[in-house]
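Chemist: Residues per chain are reported as follows:
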Amino acid sequence: GAGVSQSPSNKVTEKGKDVELRCDPISGHTALYWYRQSLGQGLEFLIYFQGNSAPDKSGLPSDRFSAERTGGSVSTLTIQRTQQEDSAVYLCASSLQTSGGSYEQYFGPGTRLTVT
Amino acid sequence: GENVEQHPSTLSVQEGDSAVIKCTYSDSASNYFPWYKQELGKGPQLIIDIRSNVGEKKDQRIAVTLNKTAKHFSLHITETQPEDSAVYFCAAPRSSASKIIFGSGTRLSIRP
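In order, the protein sequence lines correspond to chains A and B.
To convert, note that position 15 of the first sequence is 15 in this note's numbering; the numbers rise steadily by one, no gaps.
To convert, note that position 63 of the second sequence is 179 in this note's numbering; the numbers rise steadily by one, no gaps.
It cannot be assumed that every hint is accurate.
Unchecked claim - Beta-carbon label-pair distances, calculated as ranges:
| hint | chain 1 | residue 1 | chain 2 | residue 2 | range |
| --- | --- | --- | --- | --- | --- |
| 1 | B | K158 | A | S66 | 25 to 33 angstroms |
| 2 | B | S144 | A | S38 | 26 to 34 angstroms |
| 3 | A | S66 | B | H123 | 28 to 36 angstroms |
| 4 | B | E195 | A | Q80 | 48 to 56 angstroms |
| 5 | B | T194 | A | R81 | 44 to 52 angstroms |
| 6 | A | E44 | B | G157 | 12 to 20 angstroms |
Note that these hints are calculated values from the structure, not bench results.
Even for Gly, the Cβ is constructed at its ideal location relative to N, Cα and C.
Required output: the full structure, derived from the provided sequences and hints.
Modeler: Right under this line is the structure:
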């Protein structure tokens with residue numbers, strides 16, 4: 001079946017512009033995560049959506065970052081007034097949360113954002 | 117708060133030798149410990165996981181051990197092969213929630 005998809009795969013933008021990154025999770029997965037990965041670094045948690053619950057936004061680095069998940073499926077991560085330090089790979093993952101505690105996350109290929 | 121520490125950050129082993137990566141966690145209520153492998157240009161992929169009701173789990177050349185008392189778990193790769201070269205991440209969930217905290221990663225290189 002189809003995995004997690006992200007678009008665009010690459011995005012180059014000028015400093016100060018807004019960007020939108022899209023994530024299509026696996027159908028039926030109730031949990032969705034956004035991470036940021038700078039070159040050669042680990043996974044920095046940004047935001048987590050679970051069903052109809054309020055999202056966990058504790059990882060968003062500033063108020064320029066926001067995300068939404070419409071209809072419990074597709075998610076969009078928006079970065080306003082981009083800065084050069086926003087350059088990174090943005091990864092999305094989805095998970096089928098079960099009462100038995102199935103936590104496996106399925107990652108998309110990522111969007112490489114370059115701010116010039 | 118939750119914290120997951122991973123060591124070493126880089127590891128180079130001769131092809132055919134074993135590799136061991138270790139992680140420690142702080143939340144004693146954590147009960148699920150996955151390991152992810154990230155190849156160049158791709159997203160991480162789950163390779164093995166272990167739950168707190170067992171101490172060891174094996175899958176061919178890969179094994180994970182868990183010591184709940186000491187709050188650490190390890191990934192063991194035996195008979196390493198070139199395709200094992202990648203970045204490996206350990207993770208643990210924050211207690212009473214599904215948010216996963218990842219370690220900082222280990223870049224494993226297999227020398228021919």
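Chemist: Determine for every hint whether it applies to the structure shown.
Modeler: Hint by hint, here is what the structure shows:
Checked against the hint of 25 to 33 angstroms, the C-beta distance between K158 of chain B and S66 of chain A comes to roughly 27 angstroms, which is consistent with it. S144 of chain B and S38 of chain A have their C-beta atoms about 31 angstroms apart, which keeps the hinted 26 to 34 angstroms range intact. The beta-carbon spacing between S66 of chain A and H123 of chain B, approximately 35 angstroms, falls within the hinted interval of 28 to 36 angstroms. Between E195 of chain B and Q80 of chain A, the C-beta spacing of about 50 angstroms keeps the proposed range 48 to 56 angstroms intact.
The supplied range of 44 to 52 angstroms is met by T194 of chain B and R81 of chain A, whose beta-carbon atoms lie about 50 angstroms from each other. Our hint of 12 to 20 angstroms for E44 of chain A and G157 of chain B holds, since their Cβ atoms are close to 18 angstroms apart.
In terms of the numbered hints stated before, the structure departs from none.
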